[in-house]
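A.B. asks: Sequence:
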Amino acid sequence: MTTQIKRFFDDYSRHFRMNGGSIKSIKYGVSLKRNIRNDRKGDHVSEFDKICEVQSDKASVEITSRYTGIVKELFYKIGDMAKVGSKIVDIETENINETIDSTVGNVSDGKLYMLAAPAVRRIVREHNIDIKSIKGTGKDGRVTKEDVLNHVADLKIADIQKPYVSQYPVEDKIVPLTNIQKSMFKIMTKSLQIPHFGYSDEYSFDNVISFRDMIGQSNNQFSIKKISYMPILIKSFSVALQQFPILNASIIEKENDDGDSNVIKIRYRSAHNVGIAMDTPGGLLVPNIKNVQTKSIFEISEDLQRLQEAGKKNLISPTDLKDGTITLSNIGIIGGIFLSPVVVCSELCIAAIGKIQRLPRFEIIKDKITGEIKEQVVAKNIVPISFSADHRVIDGVTIAKFSQRWKNLLENPALLSAELR
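Number 297 in my numbering belongs to position 297 of the sequence shown; there are no gaps in the numbering.
Hints listed in this document are in silico derivations from the structure and should not be mistaken for laboratory results. The C-beta atom is built at its ideal place from N, Cα and C for all residues, glycine as well. Certain hints may be false.
Said to hold, decoys possible - So the derived label-pair ranges between C-beta atoms look like this:
| hint | residue 1 | residue 2 | range |
| --- | --- | --- | --- |
| 1 | 173 | 306 | 33 to 43 Å |
| 2 | 364 | 152 | 49 to 59 Å |
| 3 | 173 | 253 | 37 to 47 Å |
| 4 | 293 | 199 | 15 to 25 Å |
| 5 | 379 | 306 | 48 to 58 Å |
What the hints assert, rightly or not - In silico lysine-lysine, DSSO-like type, Cα no more than 27 Å apart, as pairs:
| hint | residue 1 | residue 2 |
| --- | --- | --- |
| 6 | 254 | 182 |
| 7 | 366 | 322 |
| 8 | 322 | 265 |
| 9 | 374 | 190 |
| 10 | 50 | 145 |
| 11 | 156 | 135 |
| 12 | 366 | 380 |
| 13 | 407 | 290 |
| 14 | 190 | 290 |
| 15 | 290 | 186 |
| 16 | 313 | 226 |
| 17 | 254 | 226 |
| 18 | 226 | 295 |
| 19 | 132 | 145 |
| 20 | 265 | 186 |
| 21 | 156 | 182 |
| 22 | 226 | 41 |
| 23 | 290 | 313 |
| 24 | 225 | 313 |
| 25 | 290 | 355 |
| 26 | 312 | 265 |
| 27 | 254 | 322 |
With the hints as constraints, model all of the structure from the sequences given.
C.D. replies: Structure (structure tokens):
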């Protein structure tokens with residue numbers, strides 16, 4: 001008798017009883033260590049229930065039932081030495097027509113078909129795989145855990161490579177541009193002939209959040225239930241523009257001047273008509289809030305709310321779309337960080353606001369006791385701002401200085417309040 005563990009699901013012969021049921025015989029090798037379930041004759045067992053544990057001089061292995069049925073015969077007691085290939089238990093199944101498939105091992109001809117450990121069969125069940133479709137690479141053709149996992153991986157790759165079949169009929173169609181698309185096509189074609197200069201920076205929004213909360217709680221004569229960040233951005237943008245009027249200007253050029261700089265002029269515009277890019281059901285529109293330089297944050301909020309409501313209904317008037325002087329795009333409410341906005345051909349500058357992010361940043365602090373200057377990492381609400389400007393008349397230094405001015409106003413709302421009129 002050998003002490004090497006061999007688990008054979010072999011010789012599953014039928015033994016018919018007078019009740020017409022069938023009995024499957026399970027044979028395993030080595031000694032019986034313990035009866036896990038304490039099964040007796042007549043007890044009911046289910047498939048994959050643990051029946052007993054067998055042990056050799058090297059290892060112990062739990063044996064599970066391959067069938068659901070009634071225990072008809074126990075061939076060994078605890079502590080008995082079981083001969084390799086002998087029966088451990090007979091289980092009577094309910095289905096007399098049940099047949100033996102290719103997972104049955106056959107010892108008589110020296111071959112083992114689809115042998116696998118219980119743990120391997122559990123993985124097969126979890127993935128709903130037919131074990132017959134797996135080629136075993138273990139000893140005597142045994143299906144190993146690696147065989148199953150490799151088979152699962154191959155199935156996933158094959159599934160990914162399957163061509164996508166749409167459940168809807170797909171066909172090409174040709175449609176004309178809408179009026180908004182026609183206008184956008186014309187303006188953007190002309191705008192992209194302008195040499196652009198891009199600039200980006202990060203602004204801390206912590207104080208803007210506090211400032212917004214403070215003014216949102218104040219009593220005002222306007223029908224504003226909640227102040228968003230946008231009116232604060234628009235007003236501070238206008239305040240910063242007062243020191244950089246060229247960004248609010250426009251170029252006057254004749255149609256057939258061939259780029260002659262001698263005939264090109266710059267118009268400095270006193271009104272800050274700040275355009276706000278809006279996504280409407282009809283497409284992208286850029287209405288503007290007129291004379292921002294003369295309005296309070298509450299008044300700007302009212303105008304913005306009116307334009308947003310009109311945009312949702314496709315009711316923005318031609319007057320609201322005319323005479324813009326500079327543009328703000330708040331694309332960050334949808335997503336995006338650093339952007340590349342396109343300057344409108346009738347303007348010289350555009351700014352795009354990215355999404356607010358909570359990010360770690362270094363902060364310089366002074367120790368109150370020692371006076372030592374230190375750096376510490378703090379969480380800050382960061383907003384990326386991206387600029388594009390007409391590089392024919394706007395240089396990079398001007399954009400950088402304007403950005404610093406606007407940033408200073410937003411990060412120090414008290415300074416912004418002091419400059420409001």
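A.B. asks: For each hint, tell me whether it holds in the structure or not.
C.D. replies: Going down the list of hints, with the structure as the test:
no.: 1; hint: 173 to 306: 33 to 43 Å; in the structure: holds (37 Å)
no.: 2; hint: 364 to 152: 49 to 59 Å; in the structure: holds (54 Å)
no.: 3; hint: 173 to 253: 37 to 47 Å; in the structure: holds (40 Å)
no.: 4; hint: 293 to 199: 15 to 25 Å; in the structure: holds (23 Å)
no.: 5; hint: 379 to 306: 48 to 58 Å; in the structure: violated (36 Å)
no.: 6; hint: 254 to 182; in the structure: holds (23 Å)
no.: 7; hint: 366 to 322; in the structure: violated (51 Å)
no.: 8; hint: 322 to 265; in the structure: holds (21 Å)
no.: 9; hint: 374 to 190; in the structure: violated (52 Å)
no.: 10; hint: 50 to 145; in the structure: holds (20 Å)
no.: 11; hint: 156 to 135; in the structure: holds (17 Å)
no.: 12; hint: 366 to 380; in the structure: holds (19 Å)
no.: 13; hint: 407 to 290; in the structure: holds (23 Å)
no.: 14; hint: 190 to 290; in the structure: holds (24 Å)
no.: 15; hint: 290 to 186; in the structure: holds (24 Å)
no.: 16; hint: 313 to 226; in the structure: holds (21 Å)
no.: 17; hint: 254 to 226; in the structure: violated (46 Å)
no.: 18; hint: 226 to 295; in the structure: holds (18 Å)
no.: 19; hint: 132 to 145; in the structure: holds (14 Å)
no.: 20; hint: 265 to 186; in the structure: holds (23 Å)
no.: 21; hint: 156 to 182; in the structure: violated (46 Å)
no.: 22; hint: 226 to 41; in the structure: violated (77 Å)
no.: 23; hint: 290 to 313; in the structure: holds (21 Å)
no.: 24; hint: 225 to 313; in the structure: holds (21 Å)
no.: 25; hint: 290 to 355; in the structure: holds (26 Å)
no.: 26; hint: 312 to 265; in the structure: violated (38 Å)
no.: 27; hint: 254 to 322; in the structure: holds (20 Å)
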